[in-house]
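Residue numbers (this note's numbering), protein chains in the order written: chain A, 1 to 258; chain B, 1 to 311; chain C, 1 to 94.
Treat the hints loosely; a few may be bogus.
[To be verified] Cut-off 27 Å, straight-line C-alpha distance, at most; resulting in silico cross-link-like pairs (DSS-like, lysine-lysine):
(1) B:K62 - C:K77
(2) C:K77 - A:K141
(3) B:K248 - B:K305
(4) B:K31 - A:K141
(5) B:K31 - B:K285
[Claimed, not checked] Label pairs and their computed distance ranges (CB to CB):
(6) A:P254 - B:I151: 43 to 49 Å
(7) C:T36 - B:S2: 17 to 23 Å
(8) C:P88 - B:P21: 40 to 46 Å
(9) A:E207 - B:K286: 46 to 52 Å
(10) B:D279 - C:V86: 34 to 40 Å
(11) A:S244 - B:C154: 16 to 22 Å
(12) B:D264 - C:E47: 32 to 38 Å
(13) B:D290 - A:H241: 52 to 58 Å
[As the list claims (entries may be wrong)] Which chain A residues stay away from chain C? Per the calculated CB distances, all over 12 Å, these:
(14) K131
(15) T136
(16) L168
The set of hints was computed from the structure by calculation and includes no laboratory data. Computed from a predicted structure; not experimentally measured. Built from N, CA and C at the ideal position, the CB exists for glycine as well.
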Amino acid sequence: MTNSTNTALFNYVLGLADDALILGQRTSEWCSRGPFLEEDIALSNLALDYIGRARMFYQYAAQIQGMGKTEDDLAYFRDEREFTNLVINELPNFDFAFSIVRQYLLDVHACLYLEQLSNSKDQRLSEIAAKAIKETRYHLKRSETWVLQLGQGTEESAKRMQDALDELWGYTPELFISSEAELALSGEEGEASIAVNRESLRHLWLERVTAHMLTSGLVIPEQNWQVVGGRNGDHSEHLGHLLSEMQILQRSYPGLEW
Amino acid sequence: MSESGQAIFDRRIESEQKVEPKDWMPADYRKNLIRQMSQHAHSEVIGMQPEGNWISRAPTLKRKMVLLAKVQDEGGHGLYLYSATETLNATRDEMNEALHSGKAKYASIFNYPALSWADVGAIGWLVDGAAIVNQISLQSTSYGPYSRAMIRICKEESFHQRQGYEMMIVLANGTKEQKAMAQDALNRIWWPSLMMFGPHDSDSAHSGRSMQWKIKRRTNDELRQSFVDQTVPQIEFLGLEMPDPEIKWNEERGHYDFGEIDWDEFKRVISGDGPCNRDRIRHHKKAHDDGQWVRDALVAYQTKKSAASAA
Amino acid sequence: MKKNNDLYEVFLRSIRGVDHRHVGSLHADTPEQALTYARDCYTRRSEGVSIWVVKSCDITASQEQDAESFYDPMDDKPYRHASYYVLPDEVDNM
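Let the sequences and hints guide you as you build the complete structure.
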């Protein structure tokens, strides 16, 4: 593997790890705050799946980097400008509707994405994807049902869902922008590749989301604003707070066993 | 004349048979069970909060997963216990209301704050340790659904205490700061853990009836002694100082002696005057209130759906 | 009139204190009738002390094709088991 491919692969895997960790951290915030006990327990399972996924990606990233770092070094000792998760993952759980709509939009995306990643030329990535997609199919089943029920529930639930969708919509274009690393690791059209071509997922994603939102009585907003840049470390102000909380012990007492 | 419900019930209790939901049972037995079981369920659910307070700050990804899985388990155990209580015709809504109004109690230990990462270890080790002592004895409680829930819970909880203690080993063998953190957590959590077993047998309002009905199988003081006996060697192994200077092996009794619990504090905390009582209920009530629109929407959706399928 | 009477699933509690377990099914017209048939068909050798009957169509079952996404993700969570936490022999009895 050439040096530049190595760097690209490291950055690519790190981005996927950051996506999973940051959403897992956000989702774990629901623990003991769910709308009822059964859902509370289910949300923790969701968070556990994401944190588990993050660990697999970080471990692999550390291995690619080859500097003897651990998953925790990567998760706990980088600042917000160094985190490269997509911005949609870091937004706070404004209400249950917001978390559900975000999860749904990401689940549809992840299903498409992981399906392709499971064909990656990179064996480890294809293994992780094959494992993650099983979880994601289940997540999608859940979030799809929630969108339908809350979209068609009461006037209040429909309004909250629509507000969430309006608020989140501007963060979705970023799901389809390939980063530098991704471009470097993508093959020519029709050729086997390491990374997934994000652009190619846009059409199918939009089709599925639009159809389900229609069934659920929700309206796809106009795309008249967008926030992108997470992969370059351009984040919302929310991420810094999330990280300062998450990293507090490691930063206060660096280098210890826990 | 056929045998009275009371006589059948008495004979069942006498011969160690389980009482099942549709059996006749004395009104006070039912009431007593609802009180104890819902209190137990509330303890599990409120118990999610102190440890939950550290999920976002767990110092490694592995610890974060373990902690989240553990706190989730507490919720799961609350669920098993609520559903066992629902077999007695108490509804989840009624139980939630009783919790919010302060009518229903929960283990007073959860009214203490979890102030450092070591508290997470100490809670797993001591609080779950104390709970397991109690729950093992409750596996043979006379009410079938409660007993079966306890069996399931004990099986699942086996990891809780071990992960807590394992964390304490790491801290006790770590840096000066980590060891101090572990000692401080032990010192703060020790006494409230002993209080978890409730008042002395001689002062326990519900103990007599509950023992007679075999809802409870061992007395508060017996259980507390078992806990102290099993825990002291574990403190020694960690190389931490005893949290109570009066802890001493008593050859004659074959047990460890220990100091007297501050019963005034116990009563204060139980009756609402602990460091976190208001926070715990506010947190639970807020989650419940914030979820109202979600629950309403589910009902509305189902209503619409069944109307549509009937049409 | 419908062609066939309903299918019911039968659950028996073999002795007091244990859970009801599924033992089989039968056809009946009403729940009450299902209960008496269950008694005649499934407890001829004192197999039970309590019977539940549930209409088969009221049972929602997980689907075989969902098994991968339902159960596989639970296989990689060793930290939910006590044996994951290695303790020294002196304190290994918890």
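Here is what the structure says about each hint:
{"no.": "1", "hint": "B:K62 - C:K77", "in the structure": "holds, 11 Å"}
{"no.": "2", "hint": "C:K77 - A:K141", "in the structure": "holds, 22 Å"}
{"no.": "3", "hint": "B:K248 - B:K305", "in the structure": "violated, 67 Å"}
{"no.": "4", "hint": "B:K31 - A:K141", "in the structure": "violated, 41 Å"}
{"no.": "5", "hint": "B:K31 - B:K285", "in the structure": "holds, 24 Å"}
{"no.": "6", "hint": "A:P254 - B:I151: 43 to 49 Å", "in the structure": "holds, 44 Å"}
{"no.": "7", "hint": "C:T36 - B:S2: 17 to 23 Å", "in the structure": "holds, 21 Å"}
{"no.": "8", "hint": "C:P88 - B:P21: 40 to 46 Å", "in the structure": "holds, 45 Å"}
{"no.": "9", "hint": "A:E207 - B:K286: 46 to 52 Å", "in the structure": "violated, 39 Å"}
{"no.": "10", "hint": "B:D279 - C:V86: 34 to 40 Å", "in the structure": "holds, 36 Å"}
{"no.": "11", "hint": "A:S244 - B:C154: 16 to 22 Å", "in the structure": "violated, 39 Å"}
{"no.": "12", "hint": "B:D264 - C:E47: 32 to 38 Å", "in the structure": "violated, 56 Å"}
{"no.": "13", "hint": "B:D290 - A:H241: 52 to 58 Å", "in the structure": "violated, 21 Å"}
{"no.": "14", "hint": "K131", "in the structure": "violated, 8 Å"}
{"no.": "15", "hint": "T136", "in the structure": "violated, 8 Å"}
{"no.": "16", "hint": "L168", "in the structure": "holds, 24 Å"}
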